[in-house]
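Chains as they are written, first to last, in this note's numbering: chain A, 15 to 129; chain B, 4 to 114.
Worth flagging that the hints you see were computed from the coordinates, not collected in a lab. The beta-carbon is built from N, C-alpha and C at its ideal position, and this holds for glycine as well. Certain hints may be false.
[What the hints assert, rightly or not] Covered stretches of chain A (in silico footprint by chain B; criterion: 3 or more residues with CB under 8 Å from a CB of chain B, positions within the stretch not fixed):
no.	region
1	34 to 42
2	70 to 79
[As the list claims (entries may be wrong)] Partial pick of chain A residues on the chain B-facing surface, computed with a CB cut under 8 Å:
no.	residue
3	L63
4	S67
5	L103
[Unchecked claim] Cross-link-like lysine to any residue pairs, in silico, SDA-like; alpha carbons within 20 Å at most:
no.	chain 1	residue 1	chain 2	residue 2
6	A	K56	B	F68
7	B	K60	A	K56
8	A	K56	B	K17
9	B	K17	B	T41
10	B	K14	B	F68
Listed below, chain by chain, are the residues.
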Amino acid sequence: KQEVTQIPAALSVPEGENLVLNCSFTDSAIYNLQWFRQDPGKGLTSLLLIQSSQREQTSGRLNASLDKSSGRSTLYIAASQPGDSATYLCAVSNAGGTSYGKLTFGQGTILTVHP
Amino acid sequence: DTGVSQDPRHKITKRGQNVTFRCDPISEHNRLYWYRQTLGQGPEFLTYFQNEAQLEKSRLLSDRFSAERPKGSFSTLEIQRTEQGDSAMYLCASSFGNTIYFGEGSWLTVV
């Protein structure tokens, strides 16, 4: 059974810092890995999707890497801003499953960026 | 169509009552998913549909839960004889291909 773990559970940083969020998964047979953002009481917004054959994806100040063989992914946020404050969730789609959208999520990292 | 729509956004119900949530996916998305999220945890997969066919159900979906997607458009998730442990946010998502879009969720509080 796939298990996804995110470290740290919470992170508080001053504005402007570069930061790294970590995600690990136990079964390396995945289709893809996604990073989502969730604001309090809201749904999820997809930030980056990395296919299993890819090593990284970038969008603006965000960069996500994937090391499938070791079961790890990192989300790098450059020059953090207060508006980045949210919960960040990592999720994997398992190979051999019936749908790309059947995701296994980590418990999330709660990020607070203070001015 | 601006996104996945869920209704109601909030529901408070007494233990033992039945509740139903509705999800309207993005037009032409053939796949629709239901997830459940409790405080401090990531979402957990419940079930998914491809068009009108329910193709997979999680063991989390007990006999009190039923989901439908008539005509392959909107979907409903019904919880019968609610229990306090059912209190959670129920998220709907839809996809066509790799990209998945989530709704804002329906909060359920069972008192």
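Consistency of the hints with the structure:
| no. | hint | verdict |
| --- | --- | --- |
| 1 | 34 to 42 | violated (count 0) |
| 2 | 70 to 79 | violated (count 0) |
| 3 | L63 | 6 Å, holds |
| 4 | S67 | 13 Å, violated |
| 5 | L103 | 5 Å, holds |
| 6 | K56(A) to F68(B) | 23 Å, violated |
| 7 | K60(B) to K56(A) | 24 Å, violated |
| 8 | K56(A) to K17(B) | 24 Å, violated |
| 9 | K17(B) to T41(B) | 18 Å, holds |
| 10 | K14(B) to F68(B) | 16 Å, holds |
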